[in-house]
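Trainee: Taken in order, these protein sequences are the chains called A and B.
All residue numbers for the first sequence refer to the numbering used here, where the first residue is 1 and numbers rise by one.
All residue numbers for the second sequence refer to the numbering used here, where the first residue is 1 and numbers rise by one.
Treat the hints loosely; a few may be bogus.
[Stated by the list, open to error] Across the chosen pairs, the derived CB separations fall in these ranges:
(1) A:D119 x B:G231: 43 to 51 Å
(2) A:S205 x B:R33: 48 to 56 Å
(3) A:G361 x B:K261: 48 to 56 Å
(4) B:D388 x A:D119: 53 to 61 Å
(5) B:R235 x A:T386: 34 to 42 Å
(6) B:A198 x A:E137: 22 to 30 Å
[To be verified] No farther apart than 20 Å at their CA atoms in a straight line, the calculated lysine to any residue pairs in the SDA-like style are these:
(7) A:K259 x B:E137
(8) B:K381 x B:T297
(9) A:K53 x A:K84
(10) A:K37 x A:T20
(11) A:K190 x B:F202
(12) A:K197 x B:K49
(13) B:K304 x B:P288
(14) A:K84 x A:N400
(15) B:K190 x A:Q143
(16) B:K139 x A:D255
(17) A:K190 x B:E204
(18) A:K190 x B:P288
These are calculated hints, taken from the structure and not from any lab test.
Because the structure is a prediction, the values reported are computed rather than measured.
For each residue, glycine too, the CB sits at the ideal point set by N, CA and C.
2 protein chains.
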Amino acid sequence: MADNTEVIVNPKEDIVDPWTVQSSSDKGVDYDRLIEKFGSMRINDDLIKRMEKVTGKPVHHFIRRGIFFSHRELEMILEKYEQKQPFYLYTGRGPSSEAMHLGHLVPFICTQWLQETFDVPLVIQMTDDEKFLWKEEIKDPDQTYRLAYENAKDIIACGFDINKTFIFSDIDFIGGCPEFYKNICRIEKKVTFNQVKAIFGFNESNNIGQVSFPAIQAAPSFSSSFPKIFGGHTRVPCLIPCAIDQDPYFRMTRDVAPKLKFLKPALLHSVFFPALQGAQGKMSSSDPTSSIFLTDTQKEIEDKINKYAYSGGGATLEEHRKKGGDLDTDVSYQYLRFFLEDDVKLERLGKEYKTGSLTTGDLKKELIAVLQKLVGGHQEKRQRVTEDIVKQYMKPRPLNYKF
Amino acid sequence: MADNTEVIVNPKEDIVDPWTVQSSSDKGVDYDRLIEKFGSMRINDDLIKRMEKVTGKPVHHFIRRGIFFSHRELEMILEKYEQKQPFYLYTGRGPSSEAMHLGHLVPFICTQWLQETFDVPLVIQMTDDEKFLWKEEIKDPDQTYRLAYENAKDIIACGFDINKTFIFSDIDFIGGCPEFYKNICRIEKKVTFNQVKAIFGFNESNNIGQVSFPAIQAAPSFSSSFPKIFGGHTRVPCLIPCAIDQDPYFRMTRDVAPKLKFLKPALLHSVFFPALQGAQGKMSSSDPTSSIFLTDTQKEIEDKINKYAYSGGGATLEEHRKKGGDLDTDVSYQYLRFFLEDDVKLERLGKEYKTGSLTTGDLKKELIAVLQKLVGGHQEKRQRVTEDIVKQYMKPRPLNYKF
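Starting from the given sequences, assemble the full structure and let the hints guide the process.
Mentor: Written out as structure tokens, the structure reads:
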């Protein structure tokens, strides 16, 4: 190799940022490598035991099965909880499409479990400004603003405590809370274009709204952004459950926090929810064949799984019976890891599929039943979310919590 | 000259942007060159005659004397007025210091005259966010937010119609009007980092709030930013009186407007108000010896003029009597051009100073009397501006105007 070759391009490096998740492996993103690269911590058995000890209940299967697999300063949050000191949860959604899909449910299911388990307040940011700024096909912020309210119904259907949850559209809330906008300005002043270029890969062709948006996603990490909700308590620590592609925003936030004498938010990272076609990509609304939507009919779910779900089984039935299936690449098995709560049954299905006694068709049948129940149940709950209920969740107000 | 020399640096080029005004000539900025560079139009005698014809009154001496000297599409505004169609005025202030100075008064005096003459509504933007983002020594947006309210008193003292004027702090209003924030997003999406780099000279070390700020100064040019005030009329044309260093913001705004199907704002540009030390620089709050503040006592005004006002007179009395003074560089004469309303007296003083029959001391005495009256009168009017009156001007509300 020539002496002047300094940049070694690794063709197998995964691309993971808030806009792209692309793995070169059919087993999906190398999360060990990602933890190392991002500098976060693996959630290990000791931490899980500690969570179970302080809460007095088993962790959610998402955590047990490594779906939420990485964190930053989760110990600090557990300590606060042990000392009976308050913390709050913050998560979000970019409302770019009418229908949310299964992957979008993952952080909300975990967040709902965390809220119930720790009995804490929660703020949910709908980044209608971001989605307008990024999506070429979205011509006006009124479109994403409307979607924020539509998507809020799906989020509410996940079962958040109406007395402890504030959902807000950025367009509403930046245009409704001077303290929030002040924090955005405070953060903006501490971050240069050079820094967002390094963190997010922005370049000179990015529009100026995109350039400053990271400050808007950072601001809800600081309780001083919500004077009404937190009664003016400006140092309530924050825990953010999110998919790991959002980590760059919060690395930036954690870097800025001490400069503003704010607390660094803690994080809980999930893996990506794979596309039907396999774990190289994540499920994406912009490719409908990759996604099971929360609006899909029972029939559509059945058809999509049968038609598109990538199989890790043998090429022929004979080969499958002989060699068995590959659990790591089989999308149906991967989805069951997310949504089949019964550990014993999951283990049995895995074992049988691996040895070849269970076929891809059998496994898909199991998955179809699980997803039909999940999505059907979600649709029922969503139908009960009236406009009035949405208004209640989205009204800035003191939450029912003692700080 | 070598063939590869492509960049010709003109050492005599003035620096004029929203943050710096620096001329290499003691006669100040070359405004003809600036008009050519910015691509605006000179206000000529025909246009002045037309203004006087449509309004039925003489133009303000600022316009007559070329203090407001350049424009963009002023004819369009006059046409609308002739057709009895509405327009509105928009101007602003960056609240970076407690005390405003004489130079800050200039756009407001002109704007007040325009409001009175055309009987139109007016919005005044206090860019408390901008000043926080730019000034290293300002540690928190609460400081500039407070200054916005303080400075509003000085602005109100200029005599704006309380029923037709809305003054707003960005922090309040971005945090108070979703429609305003939506327009900011719409503008941001149409402007890249590359463009603000070219227009404003930004580089990668600018903070991300600075990078997106131009969209915030642009937004009030579009009446759709003020649904309450303009009753939802989204295509009311806008006229912006401002010092010409603000033109880059509005060149950008005019470039973006048609892409959003908004109207381009018209502009009326003033020259800079010279520093006491001379026309190479403009009066600046950050150099107190360069400025007469609106809070200065009668004695301070006298002392500052006598001590600092740059003289265009002869080196000795004898020389002055023989050769006379230079009106172009003499700061006292220049200030009298701004604030001595009596045309006949101004002409006489100019003639006598130029021929040497009037000394620098005599001219300063005249100026001191004019400024003591102006500043003293301003202070009296400002004292009558109560907190309650400020609140009235700064409340988003329908203005008393028929659209």
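Trainee: Against this structure, judge whether each hint is valid.
Mentor: Each hint, compared with the structure:
no.: 1; hint: A:D119 x B:G231: 43 to 51 Å; verdict: holds, 47 Å
no.: 2; hint: A:S205 x B:R33: 48 to 56 Å; verdict: violated, 32 Å
no.: 3; hint: A:G361 x B:K261: 48 to 56 Å; verdict: holds, 55 Å
no.: 4; hint: B:D388 x A:D119: 53 to 61 Å; verdict: violated, 45 Å
no.: 5; hint: B:R235 x A:T386: 34 to 42 Å; verdict: holds, 37 Å
no.: 6; hint: B:A198 x A:E137: 22 to 30 Å; verdict: holds, 27 Å
no.: 7; hint: A:K259 x B:E137; verdict: holds, 15 Å
no.: 8; hint: B:K381 x B:T297; verdict: holds, 15 Å
no.: 9; hint: A:K53 x A:K84; verdict: holds, 14 Å
no.: 10; hint: A:K37 x A:T20; verdict: holds, 16 Å
no.: 11; hint: A:K190 x B:F202; verdict: holds, 16 Å
no.: 12; hint: A:K197 x B:K49; verdict: violated, 53 Å
no.: 13; hint: B:K304 x B:P288; verdict: holds, 10 Å
no.: 14; hint: A:K84 x A:N400; verdict: holds, 16 Å
no.: 15; hint: B:K190 x A:Q143; verdict: holds, 17 Å
no.: 16; hint: B:K139 x A:D255; verdict: holds, 18 Å
no.: 17; hint: A:K190 x B:E204; verdict: holds, 13 Å
no.: 18; hint: A:K190 x B:P288; verdict: violated, 29 Å
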